[in-house]
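2 protein chains.
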Amino acid sequence: MTREGINQLVEEHVPKLVETITTHIETLTAPQRLKEAMLYSINAGGKRIRPLLLIATAGSYGSVTNAAYKLGAAVEMVHTYSLIHDDLPSMDDDDIRRGKLTNHKVYGEAMAILAGDALLTESFSLITDISEQDLAPRDALFLSSRLSEASGALGMVGGQVDDLAAENCSLTLDELESIHRRKTGALLAFAVEAGGLVGTSPKEDLTHLRKFAEEIGVAFQIKDDILDVEGDESAIGKPIGSDVDNKKSTYPSLLSITEAKRKLRNHIEAAENALKSLSVPAPALFSVLSYIELRDR
Amino acid sequence: MTREGINQLVEEHVPKLVETITTHIETLTAPQRLKEAMLYSINAGGKRIRPLLLIATAGSYGSVTNAAYKLGAAVEMVHTYSLIHDDLPSMDDDDIRRGKLTNHKVYGEAMAILAGDALLTESFSLITDISEQDLAPRDALFLSSRLSEASGALGMVGGQVDDLAAENCSLTLDELESIHRRKTGALLAFAVEAGGLVGTSPKEDLTHLRKFAEEIGVAFQIKDDILDVEGDESAIGKPIGSDVDNKKSTYPSLLSITEAKRKLRNHIEAAENALKSLSVPAPALFSVLSYIELRDR
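Residue numbers (this note's numbering), protein chains in the order written: chain A, 1 to 297; chain B, 1001 to 1297.
If you're looking for bench data, these hints aren't it; they were derived computationally from the structure.
The C-beta atom is built at its ideal place from N, Cα and C for all residues, glycine as well.
Keep in mind that a hint or two might mislead.
[Stated by the list, open to error] Distance condition first, Cα-Cα at most 30 Å in a straight line; then the derived DSBU-like pairs of lysine-lysine:
no., chain 1, residue 1, chain 2, residue 2
1, A, Lys-105, B, Lys-1248
2, A, Lys-203, A, Lys-238
3, A, Lys-100, A, Lys-203
4, B, Lys-1238, B, Lys-1248
5, B, Lys-1105, B, Lys-1248
6, B, Lys-1247, A, Lys-105
7, A, Lys-276, A, Lys-100
8, A, Lys-247, A, Lys-16
9, B, Lys-1016, B, Lys-1100
10, B, Lys-1263, A, Lys-248
11, A, Lys-276, A, Lys-238
12, A, Lys-105, B, Lys-1276
13, A, Lys-248, A, Lys-261
14, B, Lys-1238, A, Lys-247
15, B, Lys-1276, B, Lys-1105
[Claimed, not checked] Simulated restraints on C-beta separations:
no., chain 1, residue 1, chain 2, residue 2, range
16, A, Pro-281, B, Glu-1026, 28 to 36 Å
17, B, Glu-1026, A, Glu-269, 37 to 45 Å
18, B, Glu-1026, A, Pro-202, 50 to 58 Å
19, B, Ile-1096, A, Ala-136, 47 to 55 Å
20, A, Ser-131, B, Glu-1233, 49 to 57 Å
21, A, Arg-98, B, Val-1229, 44 to 52 Å
22, A, Asp-174, B, Glu-1230, 36 to 44 Å
23, B, Ile-1096, A, Thr-22, 39 to 47 Å
24, B, Ser-1279, A, Lys-16, 44 to 52 Å
25, A, Asp-174, B, Lys-1203, 52 to 60 Å
26, B, Val-1229, A, Ile-96, 44 to 52 Å
27, B, Glu-1230, A, Arg-297, 56 to 64 Å
28, B, Glu-1132, A, Thr-27, 26 to 34 Å
29, A, Val-229, B, Ile-1096, 24 to 32 Å
For reference, chain A alone in the conformation it holds in the complex (with noise of 0.2 Å):
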């Protein structure tokens, strides 16, 4: 698969997603500043990688459902609202996120806190919206409790608390490794279990869906970290480098960069091998997946 593929997954999807997403909180009734602030975050033009993976999954075993763009909208609310909470004074102190001012420059800290505290809290309300005839009560139970464990305590949270104690430490590639896997790769991995399961896929799949979201949730680190060395900052959108000047263990910093990229392709390799296990074709994960790899932000 190619770029072109992923492209034309962001054009296929992608403006129906936002839609999804805009629709929400535009009709909420709630204070325009925080919608203005909520919506800041969520057109600041990310990768839209989550929702992708959601419904490339979904898309792979049949059309993709009104459910598969809720959930998709669900996970990318979830990972806005994190961003937001990370680029805090108090936690990566970050003022430029994809080119743009984050969201506390622009909105000051205390409405930042609040607009990402509203969109974790309206992630689950878009689970609760999706009709009974898209997704049966107990599934779209499972798949709230599915979403508190990857972004709570167990996985993001967690994540992000051992991230920031871990600044000026140096890890082992394990402790490195269990970081990224609560911090970024619970969250992918929901993901593609959520796309499985709208997607109504196999059981024989899980196994190997599992195994796919295992393998991207490393390499998309392992990537992030190379970037953070090698990539160009107008692509980007924020100073290169950081990861070194905040005394950060990476990929890179614990293995060599060549090593690293030797690990990189790995990982890609054994997601290969497990969508090529699924009994679909599933080309739109391949896309995903060469994404991954191959991008320059």
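Use these hints to put chain B onto chain A, whose structure you have.
Only chain B this time, still in chain A's reference frame:
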């Protein structure tokens, strides 16, 4: 009903409620310090009004089930998260709450934000944790939806945004009530509604329960404002007069203290009348109501 009523209710239910929350947090595979920060604020000993309301409502229609304790735990965790975030330097900047240092004064701002995020996220886990025997998936999903409405942009978060924006402004009584209806009332109303649902209250009681919840929402806030003027600092556990210092509009500032007290009485009476209209005697709800009017903290 007398003060004895509320004490009996506390003795009967709070230990199991706190155990439900504590066990949930302690058994999470998560960073120790994060769990400590979450438990610090849970154990800072609030009034537990929200879970008690939920449990008292459920108990009015039969025995108090595990589902009621889990939902009570969820609502208390949401309330606790909101206090941690509200106390942050960029919001109300409070150092002391309930006679103890606030979360960020002990654990730092980053951890306080993350502990709040985790408590909010775990509250949704608690709902999905309830077994199908205790609560049908459709009902659990409905309550998850109502909890996110009560706590998100439509409810608590939206109320806090407008509350922050209103500092140093003079509000009308309608504006003040709109803020409190969302900031405090929505979660109290959720507690009553959830209690009614797990207690399987008859349909004809729902209107009265809703009316009761609405009245106590306003009564609760008027009483809070009165305590900030005439309360006993050592009982409240924070300095009194902070509303005046922060130039906040309050019921006493808009109405006079005498009028505020009269209005409190009116809302308590309206709430009593709603309770009297129920198909069951509900002595526990009268106890909570009496406590809301007579509490000294």
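Status of the hints after comparison with the structure:
1. A:Lys-105 - B:Lys-1248: Given pair Lys-105 of chain A, Lys-1248 of chain B holds - Cα atoms ~26 Å apart, limit 30 Å.
2. A:Lys-203 - A:Lys-238: At roughly 42 Å apart (the allowed maximum being 30 Å), Lys-238 of chain A and Lys-203 of chain A break the hint.
3. A:Lys-100 - A:Lys-203: Status violated; Cα separation ~43 Å.
4. B:Lys-1238 - B:Lys-1248: 16 Å, holds
5. B:Lys-1105 - B:Lys-1248: 24 Å, holds
6. B:Lys-1247 - A:Lys-105: 26 Å, holds
7. A:Lys-276 - A:Lys-100: 39 Å, violated
8. A:Lys-247 - A:Lys-16: Judged against 30 Å, a Cα distance of about 40 Å means the pair is violated.
9. B:Lys-1016 - B:Lys-1100: 23 Å, holds
10. B:Lys-1263 - A:Lys-248: Status violated; Cα separation ~58 Å.
11. A:Lys-276 - A:Lys-238: 36 Å, violated
12. A:Lys-105 - B:Lys-1276: With Cα atoms ~52 Å apart, Lys-105 of chain A and Lys-1276 of chain B exceed 30 Å; violated.
13. A:Lys-248 - A:Lys-261: Between Lys-248 of chain A and Lys-261 of chain A the Cα gap is close to 18 Å, so the pair holds against 30 Å.
14. B:Lys-1238 - A:Lys-247: Judged against 30 Å, a Cα distance of about 40 Å means the pair is violated.
15. B:Lys-1276 - B:Lys-1105: Violated - the C-alpha atoms of Lys-1105 of chain B and Lys-1276 of chain B are around 45 Å apart, more than 30 Å.
16. A:Pro-281 - B:Glu-1026: 28 to 36 Å: 46 Å, violated
17. B:Glu-1026 - A:Glu-269: 37 to 45 Å: The hinted range 37 to 45 Å holds for Glu-1026 of chain B and Glu-269 of chain A, with Cβ atoms some 40 Å apart.
18. B:Glu-1026 - A:Pro-202: 50 to 58 Å: 38 Å, violated
19. B:Ile-1096 - A:Ala-136: 47 to 55 Å: 48 Å, holds
20. A:Ser-131 - B:Glu-1233: 49 to 57 Å: With Cβ atoms ~52 Å apart, the hint holds.
21. A:Arg-98 - B:Val-1229: 44 to 52 Å: Given about 48 Å between the Cβ atoms, the range holds.
22. A:Asp-174 - B:Glu-1230: 36 to 44 Å: Because 58 Å falls outside the window, the suggested range is violated.
23. B:Ile-1096 - A:Thr-22: 39 to 47 Å: 41 Å, holds
24. B:Ser-1279 - A:Lys-16: 44 to 52 Å: For Ser-1279 of chain B and Lys-16 of chain A the Cβ distance comes to about 47 Å; the hint holds.
25. A:Asp-174 - B:Lys-1203: 52 to 60 Å: Cβ of Asp-174 of chain A to Cβ of Lys-1203 of chain B: about 56 Å, so the range 52 to 60 Å holds.
26. B:Val-1229 - A:Ile-96: 44 to 52 Å: 46 Å, holds
27. B:Glu-1230 - A:Arg-297: 56 to 64 Å: Check passed, 59 Å falls within 56 to 64 Å.
28. B:Glu-1132 - A:Thr-27: 26 to 34 Å: 32 Å, holds
29. A:Val-229 - B:Ile-1096: 24 to 32 Å: 46 Å, violated
In the structure shown, a violation is registered for the earlier hints numbered 2, 3, 7, 8, 10, 11, 12, 14, 15, 16, 18, 22, 29, in ascending order.
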